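> Chains A and B, in that order, give the protein sequences.
Taking this note's numbering, the leading residue of the first sequence gets 1, the next gets one more, and so forth.
Taking this note's numbering, the leading residue of the second sequence gets 1, the next gets one more, and so forth.
Calculated directly from the structure, the hints in this document are not laboratory data.
Predicted model only: the values in this text are computed from it and were never measured.
Hints should not be assumed to be uniformly reliable.
What the hints assert, rightly or not - A few chain B positions that, by computed beta-carbon distances, are all more than 12 Å from chain A:
| hint | residue |
| --- | --- |
| 1 | M1 |
| 2 | E6 |
| 3 | F9 |
| 4 | L34 |
| 5 | L44 |
| 6 | L60 |
| 7 | L63 |
| 8 | R72 |
| 9 | G86 |
| 10 | G89 |
| 11 | R136 |
| 12 | V149 |
| 13 | V155 |
| 14 | Q189 |
| 15 | V202 |
As the list claims (entries may be wrong) - Cβ-Cβ distance ranges computed for the label pairs, FRET-style:
| hint | chain 1 | residue 1 | chain 2 | residue 2 | range |
| --- | --- | --- | --- | --- | --- |
| 16 | B | V167 | A | G15 | 54 to 62 Å |
| 17 | B | G54 | A | L109 | 25 to 33 Å |
| 18 | A | G71 | B | P160 | 41 to 49 Å |
| 19 | A | G15 | B | G54 | 48 to 56 Å |
| 20 | A | V75 | B | A41 | 24 to 32 Å |
Every residue, glycine too, gets a C-beta built ideally from N, C-alpha and C.
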Amino acid sequence: MSAFVQLEGVTKRFGDNVVLKSVDLAVDEHQVVCLIGASGSGKSTLLRCVNLLEKVDEGRIFFDGKDLTNGKVDVNALRRNIGIVFQAYNLFPHMTVLQNVTLAPKKVLGHGRRKADERARQLLRRIGLEDKAEEYPDRLSGGQQQRVAIARALAMDPKLMLLDEITSALDPQLVSEVLNLVRGLTEEFGMTMIIATHEMSFAREVADQVCFLDEGVILEEGPPHQIFSAPRQPRTKEFLARVLAAGRM
Amino acid sequence: MHRFLEAFFSPHAFRQVFPDVWNGFQTNIRMMVLAELLVLAFALAIAVIRGLPGRGAWPLRALAVVYTDAFRGTPLILVAYMLALGLPGLNIHGISDRSPFFYGVCALTLVYTAYVTEVYRAGIESVHGSQRMAARSLGLSYAQALRYVVLPQAVRRVIPPLLNDFVGLQKDTAIISVAGVTEATVQAQNFGSSYFNYTGYVVAGVLFIFLTIPLARYTDHLIRERELRERAQAG
Numbered sequence: 001m002s003a004f005v006q007l008e009g010v011t012k013r014f015g016d017n018v019v020l021k022s023v024d025l026a027v028d029e030h031q032v033v034c035l036i037g038a039s040g041s042g043k044s045t046l047l048r049c050v051n052l053l054e055k056v057d058e059g060r061i062f063f064d065g066k067d068l069t070n071g072k073v074d075v076n077a078l079r080r081n082i083g084i085v086f087q088a089y090n091l092f093p094h095m096t097v098l099q100n101v102t103l104a105p106k107k108v109l110g111h112g113r114r115k116a117d118e119r120a121r122q123l124l125r126r127i128g129l130e131d132k133a134e135e136y137p138d139r140l141s142g143g144q145q146q147r148v149a150i151a152r153a154l155a156m157d158p159k160l161m162l163l164d165e166i167t168s169a170l171d172p173q174l175v176s177e178v179l180n181l182v183r184g185l186t187e188e189f190g191m192t193m194i195i196a197t198h199e200m201s202f203a204r205e206v207a208d209q210v211c212f213l214d215e216g217v218i219l220e221e222g223p224p225h226q227i228f229s230a231p232r233q234p235r236t237k238e239f240l241a242r243v244l245a246a247g248r249m
Numbered sequence: 001m002h003r004f005l006e007a008f009f010s011p012h013a014f015r016q017v018f019p020d021v022w023n024g025f026q027t028n029i030r031m032m033v034l035a036e037l038l039v040l041a042f043a044l045a046i047a048v049i050r051g052l053p054g055r056g057a058w059p060l061r062a063l064a065v066v067y068t069d070a071f072r073g074t075p076l077i078l079v080a081y082m083l084a085l086g087l088p089g090l091n092i093h094g095i096s097d098r099s100p101f102f103y104g105v106c107a108l109t110l111v112y113t114a115y116v117t118e119v120y121r122a123g124i125e126s127v128h129g130s131q132r133m134a135a136r137s138l139g140l141s142y143a144q145a146l147r148y149v150v151l152p153q154a155v156r157r158v159i160p161p162l163l164n165d166f167v168g169l170q171k172d173t174a175i176i177s178v179a180g181v182t183e184a185t186v187q188a189q190n191f192g193s194s195y196f197n198y199t200g201y202v203v204a205g206v207l208f209i210f211l212t213i214p215l216a217r218y219t220d221h222l223i224r225e226r227e228l229r230e231r232a233q234a235g
């Protein structure tokens, strides 16, 4: 019996550069897994492989019992079930907040305008931005834009959420509003999530499982208290010491 | 000096020639509007074809490249001659029995579509890849991402250079006179060779200027507006 999300020997190369080296990972339903590690360790690439934004070179990925890597999977149908939020928000600048959130439900799920709008306003209320529905993204702060990006992903009712360093582009004082929202999602909906993050205290708090990536390899994984308090690998210790010195913990 | 004014700015000749030139000019406007609409549609289609992904689409992409290279490189006057003089000689029903006006619009469309394709393509490429990625990650297909996310942003960005090309197209409707279309230039020429007076050319020139000024000012306005918007965003 495979897990909800299961990676087996996933390898990804960009030219000669091997970004992921035979990565194995299992995520159960309602579990939150945090990926930590230095920039360039392969966290983002791993997330993008899971929803096939990047093509896997070797290995297999299973999602909800289906093999995503056999080439037969309907990519568009798969992505309906997997939401991803990016570091740079990537909102559509020519659309209002409401249009950003309703585009995919209308065009992909075929929802009518009223149904899509209603659901979107409900989500915007949840993230505290209902009054910004008619604004364009460039009128919003970074934290607000990122919350809208989360709402946009949630509007598809995904079974899995991938968060790709969603606070890295934010001013420090805006980080907490976004993290509070994510924390709420895990508590209210029991959403299954894979989170690549540099926010160690956040990872420690929300994660069921923490994976330390180093040069494309999951070097160490375990429950947060073990990874953060008693890391076994010297590279993990080194990384956490550096993070501590930088005041990110 | 007096002879110069008389030859180019004679009020008497103006009254005589204006109705004919104005009549001809309306043909220029008709050619221009028709060609511009066709160019907008065809150029967008070809720009999209040039951007199609995958190995299977390469013959289409190659065809689009050959087309743009060929017609961007060929002088409009040659294309106009080839269509207007060459096609009627072929005696093909539906192709050889058209009017000079038809061949003229075809020539303008063929040449300017090649230019505007490049303008659209630059616009499409200027939309950051992360926009397409975000759209695809929500489950939108390639075509939907293009239609709802990439193209609306691309088209907005290329409106100023596109209008610039249209100013060129408007003026080049005069070249279509060689295809035998009785437009403003021909009318001015007829008058000139009958009376040895060239006021008709000046009239036609002024009409062309009046036609392009609004478009040029509108382009300036769009560019200024965008600069303001971008500055507001940066601040």
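> Hint by hint, which ones does the structure fall short of?
11, 12, 13, 16 and 19
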